[in-house]
Amino acid sequence: MIQIHTRFLLPLAALLLAFLISLPLQAASWQQFAPVQAQIKGTPASEGLQLELPLVSEDGSAVPLSVRFTGSLAEGDQLESIRIFATANPNAEIIDFIFHDARSLADLSTRVRLNETQNVIALATSRNGRQWVAEREVRVTVSGCLMRSDEQADAGMQNPRIALPRRLQAGQPIEIRTLISHPMETGLRKAADGKLLPQNLIHNMVLELDQQPVFEARFYTGTSANPYVRLHLKTDQNAMARFRWTDQQKQQLEEAREISLR
Amino acid sequence: MTTEQNKHLVSRRNLLKGAGAASLLPLLSACGATAISNGTAGRVVVVGGGFGGATAAKYIKRGNPAIDVTLVEPSKTFYTCPFSNLVLAGERSMDTISHNYRELEQVYGVRVIHALAEDVDPVAHTLRLSTGRTLQYDRLVLSPGIDFRWNAIEGYDQQAAELAPHAWKAGPQTLLLRRQLEAMEDGGVYIMAAPANPFRCPPGPYERASMIAHYFSQHKPRSKVLILDAKDNFSKQGLFTSAWKEVYGDRIEWVSLSNDGRVVQVDAARREVVTEFGTRHKASVLNVIPPQKAGFIAERAGVTNESGWVPVNPRTFESERVKDIYVVGDATVAAPMPKSGFAANAQGKVAAAAIVASLEGTDTADPFWANTCYSLISPDYGISVAGVYRLNDESRIIETPGSGGVSPAGAAASFRRNEAAYAVGWYNAISQDTWGTRL
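Chain order of the listed sequences is A and B.
All letters in the first sequence, in the order written, are residues 109 to 370 by our numbering.
All letters in the second sequence, in the order written, are residues 57 to 495 by our numbering.
These are calculated hints, taken from the structure and not from any lab test.
Yeah, the Cβ is synthetic: ideal placement off N, Cα and C, and Gly gets one too.
Any given hint could turn out to be false.
[As the list claims (entries may be wrong)] Here are the simulated distance ranges between beta carbons:
hint: 1; chain 1: B; residue 1: 150; chain 2: A; residue 2: 224; range: 37 to 45 Å
hint: 2; chain 1: B; residue 1: 189; chain 2: A; residue 2: 278; range: 54 to 62 Å
hint: 3; chain 1: B; residue 1: 358; chain 2: A; residue 2: 356; range: 49 to 57 Å
hint: 4; chain 1: B; residue 1: 177; chain 2: A; residue 2: 263; range: 52 to 60 Å
hint: 5; chain 1: A; residue 1: 140; chain 2: B; residue 2: 131; range: 34 to 42 Å
hint: 6; chain 1: B; residue 1: 465; chain 2: A; residue 2: 174; range: 32 to 40 Å
hint: 7; chain 1: B; residue 1: 278; chain 2: A; residue 2: 277; range: 41 to 49 Å
hint: 8; chain 1: B; residue 1: 177; chain 2: A; residue 2: 311; range: 56 to 64 Å
hint: 9; chain 1: A; residue 1: 273; chain 2: B; residue 2: 189; range: 47 to 55 Å
hint: 10; chain 1: A; residue 1: 263; chain 2: B; residue 2: 218; range: 37 to 45 Å
hint: 11; chain 1: A; residue 1: 345; chain 2: B; residue 2: 442; range: 57 to 65 Å
[Said to hold, decoys possible] Okay, derived cross-link-like pairs now, SDA-like style, lysine to any residue, Cα gap no bigger than 20 Å in a straight line:
hint: 12; chain 1: B; residue 1: 349; chain 2: A; residue 2: 164
hint: 13; chain 1: B; residue 1: 349; chain 2: A; residue 2: 247
hint: 14; chain 1: A; residue 1: 149; chain 2: A; residue 2: 225
hint: 15; chain 1: B; residue 1: 292; chain 2: B; residue 2: 457
hint: 16; chain 1: B; residue 1: 276; chain 2: B; residue 2: 243
hint: 17; chain 1: B; residue 1: 349; chain 2: A; residue 2: 162
hint: 18; chain 1: B; residue 1: 349; chain 2: A; residue 2: 163
hint: 19; chain 1: B; residue 1: 349; chain 2: A; residue 2: 246
hint: 20; chain 1: B; residue 1: 349; chain 2: A; residue 2: 160
Pulled out of the complex, with its shape left as it was, chain B reads as follows:
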């Protein structure tokens, strides 16, 4: 069969799937058209105040201040995963990675409700909160982040995470891992179990290993870092491995999937793990980053597919499955865009523009997105990967050919120092753009 036929086959099948979903929910289209209340430009509810959700709420208001926007987020303070690895290394305090919703409320007129979103009724267009309250929406934005697949690794559940932290959502887990690293005797081994793709922040585990090696080199010089990985390749691998050699010698050891790196069993109380082919490792500090899926509310809303993630129309980031629900950030299937804070911020803007246009009955321009992931090897050694993304003729997201790339190999120390400074600049800029935090 020719590629041309293949293309038809694919688009046709998607079309049929879409038709099936629509017929299951016959009321949706009718509601969408009539539910906009008189007197306002429409009601939007945003769930999740991270990079994706806070950005979407702000940019909807910027696009049309008459739209009624409510943000639902349980915490009054949001801690970012970016730069939380610096907290683990003792290089930053939690204060410096904390953000709040005052600018959204006071400058942009977003109503902020601190509650947990519990359920969605896509037919009635309502969202139920943990407080018992129900919110009506014309358009719903979900930016739910990730949830963990507890017990996907035998013995690793929520209780185990209190002994062997994941620290893959910033907050109390970050502090727990930090305390364990501080309490560790010199000469100990920090073991990280890194997950298979897809997962939040592809270079994150390797930056974490670097920052903990940095902490050890300053305070616990006889201690080691061991990464047990469920992958054979990882983001910026060449740059990481050569930098590890250069900066930390043999302190960091990486065991790939093909060298029996995949952890299949965890004994959190004993801080022991067993890999696929039966190797047992004992840690002084054990950090398990488990397999992940879209945040819980996405499942409740019926927007996830069999992979556990959310397929979206990349032009608008509206769910492929449920009308009037837009999903942004780590929960979505947006590859080759990574699950990063920067990508979530860019997607939040695309969804905001699409929602403003749809409430006004107009069309949006073709979207594009940019992403940069900086990673720190040490506080003055930075590396990066950047990309610009757009839609191809089949409306799929592709990396714009010739855009972006990774930091050069073998660059001078001054180059690495500059990239570490750019990383801080990036963090300050995106924090200001998303939450209005001035650092």
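With the rest of the complex left out, here is chain A:
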């Protein structure tokens, strides 16, 4: 009896040990990543948030990223924010998308900086506190740190650009693309003389419809130079859309477009 037991116990114990060791390794990295953990209350759903990035990026300074919410919300609940995090950048924050009202849709694209091969995490939170998480690994073959030397580190905001479709339909998603010229200097990069170049970032871009804030993008060091945001609106009323960028020095730049529906 004893012999049989030991004969089976040993491999069993080995299997159990292997299982226990494998547990933390199988867990997604958001579960071990403190900046994301700090934002999580309870257990986020792993289905319902789609995060898209290339598997391999040959230019870490502008990696295309798309995120879309496909989950379902309880009656009366609405999405509050989607935050994007980098697990191996000097700072975890990449960009935040904030939905001030339900006319802005959770279907967004931007360009991000990735310092090296790493996982990117998206975390969506609803007003009732429900959460969704998505994660993707990106292999980066040229670091986002290798920025061009001819960019002017202390340049201000210039050339705000807005693109709207030619025909806008009531109740249909309207795709809006925004772009502004700005170096988004991280404060982590050295000039030729060895001194750190001072940080110079755009703080955010707010979209208002008839003076009511509808959508906001908050930018960080992980947002690419010349911040680009592609967003979607759904509205059944004509309105004046104002896009306002504010930098760290509280300078502002504004562009307006009329939303006139067919």
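Given the coordinates of chain A, assemble chain B onto it according to the supplied hints.
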């Protein structure tokens, strides 16, 4: 989480993915072991007679002449993309960039079949040709190059390419663009839409812009070159932009992604393009280099992933997804190695060594690869980027630290002239190595 854990996570996930793929194709491993016919050292079929495929076929035969090697390539004459920009500028004829398969047949005993590869059955280990014939293989090499993502830019499809050529596969498209440049009135604008990464030949669009500016400066001095780019950075950017200033003044204008350079719509008949933020540009000659993916047969063989390119085991260049299929050249995910003819040639040798070893039941040594991309600003002004690549501890391709680099900034004219001569030397050497062409 620590980086160490991250590494485990990654390798573990890849392991699981691999296990999943294997269980979907349970017959593969059994076939691979038993399919080698008696009496030969194995049968290898190579699809594609470009830099990667022709090199693989030759080096398998060099490694073991007893291996039966068949090359499947539709064309009897192969035109290289390298140096096709010189044809566009009127500095070379198509003859000087053409190669054939006589050396492979006559010296190395490779059987060459001029047909299109249409489908792969990875379980039965067969390749079906456009002629209706089916070839049996023990190991298959795909060197399919690129295909275009038609309509990824609105209005740019195969018909549009007959009006606004891509010329990103050398041959009739090269001649079409050349004829359009010749027919253009002086004072016109040549517009190129350059793609986002990854794409074939990273410095290629900028060499092309240079060579067309050279042609204009000689024959159409009031004409301009406008590059509308879907990128903010490009290969050897500093060297290109300073050389453009130095040699061509303001003739070449480059519009980056962040300055609304990305073309989203093409009207080929009117030679007009619209960029992402609604700027309309009208060209005298319009050259659209569209987004790309691995050549068609890679998709049929099931070796591509969601990116449209082919993930490979970098040690052997065997597909990560399908056993006994090796993929080399532009179709693969081999970054940081560029999608270049030189890299395809180097990968063809690594795959050849791995195939010879696997058919003999032995192991291969750790591979490494070298690459140089020369670009011509004008026929006597050359610049280059070089790199040596190897595997790191995680079996991923990295650029060997301290290897390679780019040509120095601010070098003397004699230095640039020498690099232009080295570019010709490189072309002659790799043509001889790949096809046996003596130029």
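Hint check results:
1. A hinted range of 37 to 45 Å for the beta carbons of residue 150(B) and residue 224(A) is consistent with their spacing of about 44 Å.
2. Remark: the range hint 54 to 62 Å for residue 189(B) to residue 278(A) is upheld by a beta-carbon distance near 59 Å.
3. For residue 358(B) and residue 356(A), the hinted distance range of 49 to 57 Å is satisfied, since their beta carbons lie about 50 Å from each other.
4. Hint check: residue 177(B) to residue 263(A), Cβ distance near 58 Å, so the stated range 52 to 60 Å holds.
5. For residue 140(A) paired with residue 131(B), a C-beta distance near 54 Å fails the hint of 34 to 42 Å.
6. The hint said 32 to 40 Å for the Cβ distance between residue 465(B) and residue 174(A), and at roughly 37 Å that hint holds.
7. Between residue 278(B) and residue 277(A) the CB atoms are about 46 Å apart, so this pair conforms to the stated range of 41 to 49 Å.
8. Taking 56 to 64 Å as the suggested C-beta distance range, the pair residue 177(B) and residue 311(A) conforms, at roughly 58 Å.
9. For residue 273(A) paired with residue 189(B), a C-beta distance near 50 Å keeps the hint of 47 to 55 Å intact.
10. About 43 Å separates the C-beta atoms of residue 263(A) and residue 218(B), a value consistent with the hinted range of 37 to 45 Å.
11. Here the CB-CB span from residue 345(A) to residue 442(B) is close to 60 Å, well matched to the stated 57 to 65 Å.
12. For a cut-off of 20 Å, the pair hint linking residue 349(B) to residue 164(A) stands: about 14 Å separates their Cα positions.
13. Restraint check for residue 349(B) and residue 247(A): the C-alpha separation of about 18 Å stays at or below 20 Å, so the hint holds.
14. Note on residue 149(A) and residue 225(A): the hinted pairing is violated, with a Cα-Cα distance of about 28 Å set against a maximum of 20 Å.
15. The straight-line distance between the Cα atoms of residue 292(B) and residue 457(B) is roughly 18 Å, inside the 20 Å bound, and the hint therefore holds.
16. Simply put, residue 276(B) and residue 243(B) have alpha-carbon atoms about 7 Å apart, close enough for the 20 Å limit, and the pair holds.
17. At most 20 Å may separate the alpha-carbon atoms for a hinted pair to count; residue 349(B) and residue 162(A) meet this at roughly 13 Å.
18. Among the hinted pairs, residue 349(B) with residue 163(A) is consistent with the structure: their alpha-carbon atoms are about 14 Å apart, no more than 20 Å.
19. For the suggested pair residue 349(B) and residue 246(A), the alpha carbons sit about 19 Å apart, so the restraint of at most 20 Å is met.
20. With a CA separation close to 18 Å, the supplied pair residue 349(B) and residue 160(A) stays within the 20 Å bound.
This entry does not satisfy hints 5, 14, going by the numbered hints stated previously.
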